[in-house]
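A.B. asks: Spelled out from the first residue to the last, the chains are:
There are 2 protein chains.
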Amino acid sequence: MAKEFVKEITSMEDDFAQWYTDVVTKAELIDYSSVRGSMIIRPYGYSLWENIKNELDFRIKETGHENVYMPLFIPESLLQKEKDHIEGFAPEVAWVTHGGSEELTERLVVRPTSEVLFCEHYKNIIHSYRDLPKLYNQWANVVRWEKTTRPFLRTLEFLWQEGHTCHATDEEALEETVKMLKVYADVCENILAIPVVQGQKTAKEKFAGAKLTYTIESLMHDGKALQTGTSHHLGDGFAKAFGIQYTDKDGQLQYVQQTSWGFTTRVVGAMIMVHGDDRGLVIPPKAAPIQVMIVPVAQHKAGVLDFAYDLKEKLSAVARVGIDASDKKPGWKFNEYEMKGIPVRLEVGPKDIEKGQVVLARRDTGEKIFVAINELEAKLSDLLEDIQRSLYEKAKRHREGKTNVALDLEEFKVLLEKETGFIKAMWCGDRTCEDKIKEETTATSRCIPFEQEKVGDKCVCCGKEADEMVLWAKAY
Amino acid sequence: MAKEFVKEITSMEDDFAQWYTDVVTKAELIDYSSVRGSMIIRPYGYSLWENIKNELDFRIKETGHENVYMPLFIPESLLQKEKDHIEGFAPEVAWVTHGGSEELTERLVVRPTSEVLFCEHYKNIIHSYRDLPKLYNQWANVVRWEKTTRPFLRTLEFLWQEGHTCHATDEEALEETVKMLKVYADVCENILAIPVVQGQKTAKEKFAGAKLTYTIESLMHDGKALQTGTSHHLGDGFAKAFGIQYTDKDGQLQYVQQTSWGFTTRVVGAMIMVHGDDRGLVIPPKAAPIQVMIVPVAQHKAGVLDFAYDLKEKLSAVARVGIDASDKKPGWKFNEYEMKGIPVRLEVGPKDIEKGQVVLARRDTGEKIFVAINELEAKLSDLLEDIQRSLYEKAKRHREGKTNVALDLEEFKVLLEKETGFIKAMWCGDRTCEDKIKEETTATSRCIPFEQEKVGDKCVCCGKEADEMVLWAKAY
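Chains as they are written, first to last, in numbering that gives the first Met the number 0: chain C, 0 to 475; chain W, 0 to 475.
Because identical chains cannot be distinguished in the list, a pair is counted as satisfied if it fits within a single copy or across any two copies.
With a Cα cut of at most 20 Å, we get these calculated EDC-like pairs of lysine to aspartate or glutamate:
(1) 327 - 130
(2) 146 - 102
(3) 146 - 101
(4) 60 - 49
Derived from the structure by calculation, the hints contain no laboratory data. Note that this is a predicted model, so its numbers are computed, not measured.
Whole structure, please, built from the sequences with the hints as guidance.
C.D. replies: So this is what it looks like as C-alpha cells:
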C-alpha cells in the first residue's frame, strides 16, 4: 500500500518524454512485457480504446461500410505485386519462415497493412458496375518492425481499422477519401477534443502505392505534431497490378478506383499529450471509461455508503459512473482518479447529505462546485458538456499560440528554436526544398492544408514563386 | 447475372462436406485467398460473428471481467516456461525468425493462445490478496499451424476470446471455470439455438497445462460431434512456473489459482451444421444479421416501393430488417435469402396492400402466413421467438435421436456403424481403454457429462467395474 501512495510523475517541463512514460504506466493504461516494442493494453487503456472504437465503428457503418476480416499472413509473392508498396513496407515487416517444425516454401509476412489481401479478394468478387462501390473495413492488429518504440505512438504491433474501398470513377474515390478523413476529424474533434488540421500530404510523405494521401495533423502539448489519421486515394495503381476490372454500363472493361484509410491506437497517445498535465491524464468526457467517480467521505458513518450507492444508480442514467468505497484514504483516491484523468469527482459526506448537496470537482480546472441533490442530474450533464467543450477550446488556443508564419529559412529556424510548434510557410512544390528544410530544421512537411492562407508568395526555402502553403513541424 | 441464378448446392445426403463448403461460399460467409488454410470472413459472415461476439462480450462484462490486449508475439523462452504447455503447442505454431532484413536473436511465436503472456503480466501486477481476483479477457486472433483446414471449423488463423483469471483459492478458480462454461452454454443454447452437453474432458483430452478442462459438446446434422467451447482450471501449475504469488491475510506467500477459457469463430461452423438444410443456411433469429427480408412483389406498380420502405422503417423497431428493391426477379431473391438463412421473408405486392396484409414466410419450415398490417409488429415478434425456440427443439430432438447407449465394444461398433452420433457408455477411467476405443471405432471421448446416468456398471471396453458415463463420438 505504502508504495501506491507515492505515484509520482515527472513534470512535463522537466522531461516531457519521461512524463509521458510515467502517465501511461502509472495511470495503468499499459504495461511492458518481454516482447520488445509491444505493449500490454491494460483494462483502463483498453476500455478507452473500446470507446473510441465504438464511436468510429458507428460512423463507419453509418456511412455504408461493412466490416470484414482478412488473413494475418501475406505470402511474399502477393506483397510484391505492387512495386511502390513492397518498396515502402519490405524494410519493416516481420517474416514467418517456419510452421511447426517445417520450413515454409514461401515466406509469409505478418500484415503491416492489408491492401494486397483486399485487392486479391476484390479481383474475385468484382465483375460488373453493379458490384460497385465495395465499401469494406476491418478492425485488426498489424505489425511494423520499428527500431525505436513508445507506447501507443510507435509500437511493433498496433490495433487499428483499415478501410478499403473500390469505386467506378476517380471522382467517387476522391469523394470517399475526403469523406473518411472528415469522419476521422469528427472523432478527433468531437469525441477526443483534439483540434486537427486537415490537408494533403506532399508526394514525399504519401502512402506507399497511393496517388494521394490526406491527413489530419494535431499538435501535442510539447509543440510536436502527430499524424492522427490518414486517408489515401489509391487511383488505379493497385487495380492494374492485381487486375481488378469491371464491365461498365456500355460493356467496356474498366479498372476500379480504390481508397484506403486507417486510424490507430496511436490516437490514445495524442489524447494523452494534448490534454494531460502534471497530475496525469485528462480524458475528455465523451471518451472516458468513467466520467464521474464517486468518492464517499467519512464513509464509515451511518448512511453515507447507502447514499453514495443510490447516487451511483441514479446518475448512471446520465453518465458512466464509478464509485470507490474501498478502505483507502480519500486523499489517495483523489490523487488516483486525478492521475487517471476522470473528468469529474463527486464527493459526498455526512455534512453534504445533511445539507442535501454534493461536491463536483472538475479534473481539467480543479474547480469545485456545490450542487443541490435535486439538480444533480441536469448540472452533471451540463458540466460534462462544458468540460468537453473547454478541453477542445484550450487545445485549440494552445495550438494557435504555437503556430507561426515563416517567410524564409532563417526565420523558420529562429522561430522553431524559440518555440516548437507549427510553422506555416509557402513552398514551391520542389522535393529539394522539402528535403533541405528537414535537413536543416528537423521539421517535416505535415500537410498542405485544405484551408489555404496566402502567408507569402515565395518559397520559404528557395525564394522562388510559390502558391502552396505548407504546415511544417517536428513530429512524432 | 445469369450465373447467379443457379447457385446450386450439393445435397447434404450426397456429400455433407461438399454441402458445407458450398454453403459457406455461396451464402457469402467466406472466401478463400492465397493464404493457405486461412479464410476471408465476408461482410455477411463477419456481421454474424459480430452478433455472437456482442452477446458474449456483454455476458463476459456482466460477470465482472475486463477486456485487455496482449502482444501477438511470444518469445520462444517465454513459451517454454510451462513444460506441458510448450509440449502441447510447439508442433503447431508459426515462427517469426526475421524482422525487416535482420535475423532475430530469439525466435518469436505467433500466439496460439496467450497463457504465458497473461502469466508474465500477472506476476507484475499481483502482490496481495487485495489484488485478487483478476478477471481478464481478450478478443484476438490466434494461429495454429494446422495441416488440414476447413472454413470456421479448423483454420490456420481464427478469431476468439480468451479469458484468463487469477484467484486466491482452488474453490474460487473452480467456480469461475464452471461459471464461464455456463456462459458459453447460454450463448450456444439461447442465441445460436444449439443444444450442448456440458461435461469434463478426460485427462487425455484436456488442455496442455491444465488441471482439468470443462467442455460443451454439440452434435452436428451428420452425427459428428463438435467441441464448441472449453473452460480450463489451470490450478497452480502456471503460477509456479511463472512465480505468481500473493501475500494472504495472514502475511503468508501463496500461489494463485488460475483459469482460462476460449470461444472461437468455430461456433459459426457449428451453427451452420446444426441448422442448415439443402437450401442453404438457416440462422436462428437472435444471431441473424438480418431477421426479416422484405421482398416487394410487382414493385414497378405505383405505391409498392413506398409501402415496402415504410414497412421497413416501422418494423425496424422490433427486428433487424432488410429490403431488396433491386431489379432482380422475386424468384432470384427468394432463393438468395433462403440460401442466406434469413429467418423470415416478408412479401408484399399490390394485392396485399389492397387487402391490408403481407405474407410472412418462415425459412425453417417454409410455412407462409398472411398477417394483417395492423397486427404485423406483434405477430412478427412472436414469429421470430417461435422460430428461435423451434430451431432449438428440432436440434435437440435430432441429437436425442442420434444418441445411443452401448454396453460393450461390439455393440459400440455396431451402433456407430448404423448411425453416426453420440454413444453413452461407462468407462473405467483407464487411458488404455480410451485409446483402444478410438483405435477401433475412430470415436473419441467427448466428455464426462456433468449430468451422469448409470447406463451400466461395467466399462464398455474392458468390462471392469466402472462408475463414470462418458459421451463418445466421431468428431470434427
